[in-house]
Amino acid sequence: MPTTTRAARPLHFAAFVMNTTGHIIQGTWRRPSARHVGLDGLTAHDERYAWADEYVDVTYKLWEGSWEEDALVQDRATGIHSDLDKVHRINHVGPRYTVEGPHLVSPSPQRTPLLFQAGASEAGRTFAAKNAEAKAAELDGWIKDLVADALADWQATGVDGINLVNAEIPGSYEEFVDHVVPVLQRRGPAQREYSEGTLRQKLFGRGDRLPERHPATRYRGAFAPQHS
Amino acid sequence: MSAKKQLILNLFEMNCVSHITHGLWRLEGNNRERFNDIEYWTQLARLLESGGFDAVFLADVIGTYDVFRGSADVSIREGLQIPNNDPVLVVPAMAAVTEHLGFGITFSTTYEPPFAWARRMSTLDHLTKGRVGWNIVTSYLANAARNFGLSGEVEHDTRYDMADEYLDVLYKLWEGSWDDDAIVADRERNVFADPARIRAIDHDGTWFKVEGPHLSSPSRQRTPVLFTATASAAGARFAGRHAEVVFTGGPDTEFLKRTMATIRQAAVDAGRHADDVRFVTTAGVIVGRTADEAAAKLADFQRLSSPEGYLAHAGLAFDPAAFPPETRLADLPADTNGIGRWRTVDPEQTVGDFLTGFGDLTRHPLFAVGTPEVVADQIESWLDDVGIDGINLLQYHSYGTAEDFIELVVPVLRERGRLRTAYEKGETLRQRLFGVGDRLPERHHGTRYRGGAHLPARTG
Numbered sequence: 025m026p027t028t029t030r031a032a033r034p035l036h037f038a039a040f041v042m043n044t045t046g047h048i049i050q051g052t053w054r055r056p057s058a059r060h061v062g063l064d065g066l067t068a069h070d071e072r073y074a075w076a077d078e079y080v081d082v083t084y085k086l087w088e089g090s091w092e093e094d095a096l097v098q099d100r101a102t103g104i105h106s107d108l109d110k111v112h113r114i115n116h117v118g119p120r121y122t123v124e125g126p127h128l129v130s131p132s133p134q135r136t137p138l139l140f141q142a143g144a145s146e147a148g149r150t151f152a153a154k155n156a157e158a159k160a161a162e163l164d165g166w167i168k169d170l171v172a173d174a175l176a177d178w179q180a181t182g183v184d185g186i187n188l189v190n191a192e193i194p195g196s197y198e199e200f201v202d203h204v205v206p207v208l209q210r211r212g213p214a215q216r217e218y219s220e221g222t223l224r225q226k227l228f229g230r231g232d233r234l235p236e237r238h239p240a241t242r243y244r245g246a247f248a249p250q251h252s
Numbered sequence: 004m005s006a007k008k009q010l011i012l013n014l015f016e017m018n019c020v021s022h023i024t025h026g027l028w029r030l031e032g033n034n035r036e037r038f039n040d041i042e043y044w045t046q047l048a049r050l051l052e053s054g055g056f057d058a059v060f061l062a063d064v065i066g067t068y069d070v071f072r073g074s075a076d077v078s079i080r081e082g083l084q085i086p087n088n089d090p091v092l093v094v095p096a097m098a099a100v101t102e103h104l105g106f107g108i109t110f111s112t113t114y115e116p117p118f119a120w121a122r123r124m125s126t127l128d129h130l131t132k133g134r135v136g137w138n139i140v141t142s143y144l145a146n147a148a149r150n151f152g153l154s155g156e157v158e159h160d161t162r163y164d165m166a167d168e169y170l171d172v173l174y175k176l177w178e179g180s181w182d183d184d185a186i187v188a189d190r191e192r193n194v195f196a197d198p199a200r201i202r203a204i205d206h207d208g209t210w211f212k213v214e215g216p217h218l219s220s221p222s223r224q225r226t227p228v229l230f231t232a233t234a235s236a237a238g239a240r241f242a243g244r245h246a247e248v249v250f251t252g253g254p255d256t257e258f259l260k261r262t263m264a265t266i267r268q269a270a271v272d273a274g275r276h277a278d279d280v281r282f283v284t285t286a287g288v289i290v291g292r293t294a295d296e297a298a299a300k301l302a303d304f305q306r307l308s309s310p311e312g313y314l315a316h317a318g319l320a321f322d323p324a325a326f327p328p329e330t331r332l333a334d335l336p337a338d339t340n341g342i343g344r345w346r347t348v349d350p351e352q353t354v355g356d357f358l359t360g361f362g363d364l365t366r367h368p369l370f371a372v373g374t375p376e377v378v379a380d381q382i383e384s385w386l387d388d389v390g391i392d393g394i395n396l397l398q399y400h401s402y403g404t405a406e407d408f409i410e411l412v413v414p415v416l417r418e419r420g421r422l423r424t425a426y427e428k429g430e431t432l433r434q435r436l437f438g439v440g441d442r443l444p445e446r447h448h449g450t451r452y453r454g455g456a457h458l459p460a461r462t463g
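So the protein sequences, as listed, match chains A and B.
Quick note on the numbering used here: the first sequence kicks off at 25 and runs consecutively.
Quick note on the numbering used here: the second sequence kicks off at 4 and runs consecutively.
I should point out that these hints are in silico values taken from the structure, not numbers from a laboratory.
The C-beta atom is built at its ideal place from N, Cα and C for all residues, glycine as well.
Misleading hints may appear alongside valid ones.
[What the hints assert, rightly or not] Take a look, some chain A residues computed to stay more than 10 Å from chain B by CB distance:
hint, residue
1, A101
2, P126
3, T181
[Unchecked claim] Label pairs and their calculated CB-CB ranges:
hint, chain 1, residue 1, chain 2, residue 2, range
4, A, A174, B, D189, 52 to 60 Å
5, A, K154, B, D441, 44 to 52 Å
6, A, G65, B, V439, 52 to 60 Å
7, B, S154, A, E93, 49 to 57 Å
[Unchecked claim] Short derived list, chain B residues pointing at chain A, Cβ under 10 Å:
hint, residue
8, W28
9, T67
10, H103
11, Q434
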């Protein structure tokens, strides 16, 4: 539940290192039928996005579809840890991937992690429009005076947040925290305290899980009990 | 006069509820179902370091046990290695709250290509300051194969061929791609690394093609301590060539002795010394302040132990309970021959007798129950008479098993000179286990690529 009232469209910023912990959807360079053989060159850009399309589809099936919400029972008295009827194989068979399942991990707080995507190409934009919840826009250059004005301008152009680039660690972040954040907090777009909940809840304020209209959610409850 | 052999002491863990003592997650106060919480792991790591453990050994599988009765029903119902989370990701959390505890991480060479794994392990070796080991496995679950795009398991000996080449790629990346002095970090000249001391590996083999260079700079150990878990012939050759610590098992101590002799010989055949390999095996220890207290614990555990869980875990291709108990195993239908992965079977045994072995915690070949002195006697006998070097302590109860061991057994072992009394500051896992440095010894095959030797020359 959100506990903090925030600006209608708050500005989000993250240290650039977040890229390694967030889930960034990108093209991948592995070939399906010869996974152990390296490729001789880069696969065509659009082709990589086609692979990525199927790749995320598989993850959606595992994250959203394989385990039903109340599959984990953990009842010591009956000895039932998980409910058989609510854990499903996904039996994905596609041009690039074949994955039987079930997912090996029970549903996590967000199930599908927050989906970031970096890319400005045609294929990338189409992919992002379909899948991504946040697109990466980078702030180039060094933070100096008036940076808060600049941030406000960018926000006015429709950017929701920035990935802060550092010149010096931890100096760049310390300066931003000490000098820029207080201005932004005064003006409104920066939060004064963290709101409760998962990363998705913090950014969107509409719950921990993907919204119903995201394509991943079509797999919720879509798979039959595997033991039947 | 040689000193007493000291025990390598690891805790056997897995990022799941029911790892290998099935049914016991239901014990009062058992924390197993907290495995999704990072605090479960940090608390465990602190506990183990307070008790002088060498390492936590993390098992893993990448599929479900779905052979028994033709489904994964028993596994799913009992939490038998499903849900099962990634073992790698709990290591940095544990490393952050400890200084000395080592980590043995299971990872399969069969399904994910070597380049990314090389980087992940180098990163972990940096982050832990040289405290990681890798338990090399080739995977055995058919469902794992079907999760990674194959129609069935890769044949056993082929998996070892692949693993051999996989290791070769890793040695090239870990040992050969970067020289020790490649990092210059010269602020004046804006030179971080010297390109002349970093090289591509240009590996082009049967299974893998990898250009390089390695993306991580040399870590404390470069190559993590290499564990393998095996008992097969192909596995023994592989272990003789690669393994520094062999995690082995078997139905009885005679089998264990034979396996150890075979692998030591395989190491000698590979140009190494017989004692370049250490042997660690799973052991069950139930200890109490009195014999009665220990017996009461055992009875409590036996009461909740799940024979069905053990049957599913063994991957039995048939359900013995479906036959009358007096049936001889030899009289079972032909398609029931695959009687279990880890068991040798006496064909004259009856189904009933065969079944009583499943879930009986005392049937483990290295099992000790009793007072601290009795248990310590047994452990000394394992070291001296069976000839093992260490144990992966089975957990019946988390954290009870480790707490009991630390409180009651560790002091006795220390008093008898069987366990270190303190850690050495800044020691890597390899240095602690072997005492001859942080890196692989020269006679290990993996060192042949050092300095770029045996790598294809590039012109220009």
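Evaluation of the provided hints:
no.: 1; hint: A101; verdict: 8 Å, violated
no.: 2; hint: P126; verdict: 7 Å, violated
no.: 3; hint: T181; verdict: 35 Å, holds
no.: 4; hint: A:A174 - B:D189: 52 to 60 Å; verdict: 35 Å, violated
no.: 5; hint: A:K154 - B:D441: 44 to 52 Å; verdict: 49 Å, holds
no.: 6; hint: A:G65 - B:V439: 52 to 60 Å; verdict: 44 Å, violated
no.: 7; hint: B:S154 - A:E93: 49 to 57 Å; verdict: 32 Å, violated
no.: 8; hint: W28; verdict: 7 Å, holds
no.: 9; hint: T67; verdict: 7 Å, holds
no.: 10; hint: H103; verdict: 27 Å, violated
no.: 11; hint: Q434; verdict: 30 Å, violated
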